[in-house]
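**Student:** From just these sequences and the hints, can you work out the full model?
So the sequence lines, in the order shown, correspond to chains Z and C. With my numbering applied, the first sequence covers 100 to 426. With my numbering applied, the second sequence covers 100 to 426.
Note that these hints are calculated values from the structure, not bench results. It is possible that some hints are incorrect.
Identical copies go unnamed one by one, so any copy, or any two together, can satisfy a pair.
[Unchecked claim] Mimicking SDA-like on lysine to any residue, the simulated pairs with C-alpha atoms at most 20 Å apart in a straight line are:
1) Lys-400 to Asp-241
2) Lys-174 to Glu-136
3) Lys-212 to Arg-368
4) Lys-212 to Arg-373
5) Lys-400 to Glu-269
6) Lys-174 to Val-247
7) Lys-391 to Asn-328
8) Lys-400 to Leu-415
9) Lys-212 to Leu-369
10) Lys-400 to Val-247
11) Lys-400 to Asn-206
12) Lys-174 to Asn-206
13) Lys-400 to Val-210
14) Lys-212 to Ala-133
15) Lys-212 to Glu-372
16) Lys-400 to Arg-316
There are 2 protein chains.
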Amino acid sequence: MTCHSTSPTLADIRRAAERIRPYAHRTPVLTCAALDEMAGARLLFKAENFQKVGAFKFRGAANAVFSLTEKELEKGVATASSGNHGAALALAARLRGTKALVVMPENAPAVKKEAVAGYGAEIFFCRPGERAREETLARVVDRTGARVVHPFNDPLVIAGQGTACLELMEEIEGLEAVVAPVGGGGLLSGTALAARGLSPGIRVLAGEPAGAGDAFRSLQENRIVPSENPRTIADGLLTSLGPLTFPIIRELVERIVLVEEEEIIRATRLIWERMKIVVEPSAAVALAAVLKEKAGLAGRKVGLILSGGNVDLDRLPWGPPPGAEGG
Amino acid sequence: MTCHSTSPTLADIRRAAERIRPYAHRTPVLTCAALDEMAGARLLFKAENFQKVGAFKFRGAANAVFSLTEKELEKGVATASSGNHGAALALAARLRGTKALVVMPENAPAVKKEAVAGYGAEIFFCRPGERAREETLARVVDRTGARVVHPFNDPLVIAGQGTACLELMEEIEGLEAVVAPVGGGGLLSGTALAARGLSPGIRVLAGEPAGAGDAFRSLQENRIVPSENPRTIADGLLTSLGPLTFPIIRELVERIVLVEEEEIIRATRLIWERMKIVVEPSAAVALAAVLKEKAGLAGRKVGLILSGGNVDLDRLPWGPPPGAEGG
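**Tutor:** Below, the structure written as structure tokens:
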């Protein structure tokens, strides 16, 4: 069994980049003059909405699955995920020739359920909430002997997520800050490790929904504050930090910017309208944070990780306009 | 006065590319494995939704405005446009330091009205329909002495629109077919001139909404059939062919594929969901045509011009889902 308890390093992220190169997209870095003007800064968007399965999650899942031995993969891989990690693990497992078992909350967006099923995973539905998930996953693993790939509390997954920022910084010189959204902290800790590893003076910031502000409070209280009854449209950012991600974030992340629901919705819509790309609200949390932190980032060259683009197109974040009729 | 009556050539398109290079984006060429599978062909999408003002129209407008002399521009430029050409001319005029006067139907999408106004043009609203537009434009020109830049029936505009296909074919070798949507035919004729100029054996196809099928009928009847009471969600494709675009299309375009409204809506949604980009229904008409012509394009390497991405995000093509409530 591989040891999953130590923090990954920049070298692990570089190895992950090599390992997933045949499978993952090298996503483009986009710019937008209108958003630069609005932010008063130069924004470089790493477009992980264009990644396989529509989210950065494929990087970590692929790195984990392709790091395991055939023996370790014999009984398949399993995870509990609100969606993008589940789809990512399903695709990575299919590419590696093994099976994926995915526990999902029954209220996950339809588009995410369909994606997971579409990549050939077996889905086990559970009630919303971390406890129901964990219990269901434990039962599944008990019965099948599948190997768990945690959505973020796994050094291989964190190293995989860090490859997005690695690519961004290889492509764009002179970044002064990097901003990522934070849920369980896999993307944020991988981003921070890559960014600070490559450029020790770079600032790493995070955006978090005020309605799911457990990571913010965790830094304040210097302990992992559990996410309880989170309420936000950013459905990828509901979970608590983990024992692996929390210390990395505490050490390397300058601050977590809390953003309100209206700010998330506005940022999502701005990206759709001005950049002509589809991102999910969780991804727009990074832009919402940048717009809120304007003063501190004025004139700077700022990288943002747009984490994903899986949205239910029948239920847009801004809802139907006044006067629209139901069908 | 420059002569506006002869058909442009590949050399004109090359000159246009040089002329607009400092102002226009070189847009990316995108691919999508899921859509390739669905079409049974290799699809290369030229993403003009990422162009300045969100549509290819900027290419033609910029080429026209930057071709005119200072004297010709003294009293500004004027046009009648349902939106994207108006925004394009407004921005091109601003960049050249002259003013733009734009006649728009009062029922144009809000996002297009705002764009035109946002680029500093003066708007003159008219009733929907080509006749009201022409009359209003004539009055505006009469009063101001502004120089008319027609949305498509102008060799400089056609040459500018052809630069999208020129870039696509410079970047992608071995294309066997190119598909563009057709409204007035500026994009289609420019595309056909570029494609056949660079590769005489390439097939050029067009998509047209069945509810605005005047170009299809024009080829059938070998005369310009006027567009009367067109009804389609593809609001960029409402106009008739012009005396300049019709002969080019007749000579170089293999066939026009009529697509139904449901096919346009489905193609739009597929592009949003699978490619994670925002395109307007007019742009998706090209994909709808490819999906309809599957048999004829099986296994081919096919370029598609995604014409634009200006959509009113409060009124999505697929409408609110069953059971959604009005605000």
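**Student:** The structure should be examined with respect to each hint, and the outcome stated for every one.
**Tutor:** Results of checking the hints against the structure:
no.: 1; hint: Lys-400 to Asp-241; in the structure: neither (49 Å within a copy, 49 Å between copies)
no.: 2; hint: Lys-174 to Glu-136; in the structure: neither (52 Å within a copy, 30 Å between copies)
no.: 3; hint: Lys-212 to Arg-368; in the structure: between (24 Å within a copy, 18 Å between copies)
no.: 4; hint: Lys-212 to Arg-373; in the structure: between (29 Å within a copy, 15 Å between copies)
no.: 5; hint: Lys-400 to Glu-269; in the structure: within (14 Å within a copy, 32 Å between copies)
no.: 6; hint: Lys-174 to Val-247; in the structure: within (10 Å within a copy, 70 Å between copies)
no.: 7; hint: Lys-391 to Asn-328; in the structure: neither (25 Å within a copy, 48 Å between copies)
no.: 8; hint: Lys-400 to Leu-415; in the structure: neither (31 Å within a copy, 34 Å between copies)
no.: 9; hint: Lys-212 to Leu-369; in the structure: between (27 Å within a copy, 17 Å between copies)
no.: 10; hint: Lys-400 to Val-247; in the structure: neither (39 Å within a copy, 41 Å between copies)
no.: 11; hint: Lys-400 to Asn-206; in the structure: neither (39 Å within a copy, 41 Å between copies)
no.: 12; hint: Lys-174 to Asn-206; in the structure: neither (28 Å within a copy, 60 Å between copies)
no.: 13; hint: Lys-400 to Val-210; in the structure: neither (34 Å within a copy, 30 Å between copies)
no.: 14; hint: Lys-212 to Ala-133; in the structure: between (35 Å within a copy, 17 Å between copies)
no.: 15; hint: Lys-212 to Glu-372; in the structure: between (27 Å within a copy, 14 Å between copies)
no.: 16; hint: Lys-400 to Arg-316; in the structure: neither (28 Å within a copy, 53 Å between copies)
Of the numbered hints stated above, those contradicted by the structure are hints 1, 2, 7, 8, 10, 11, 12, 13 and 16, listed in ascending order.
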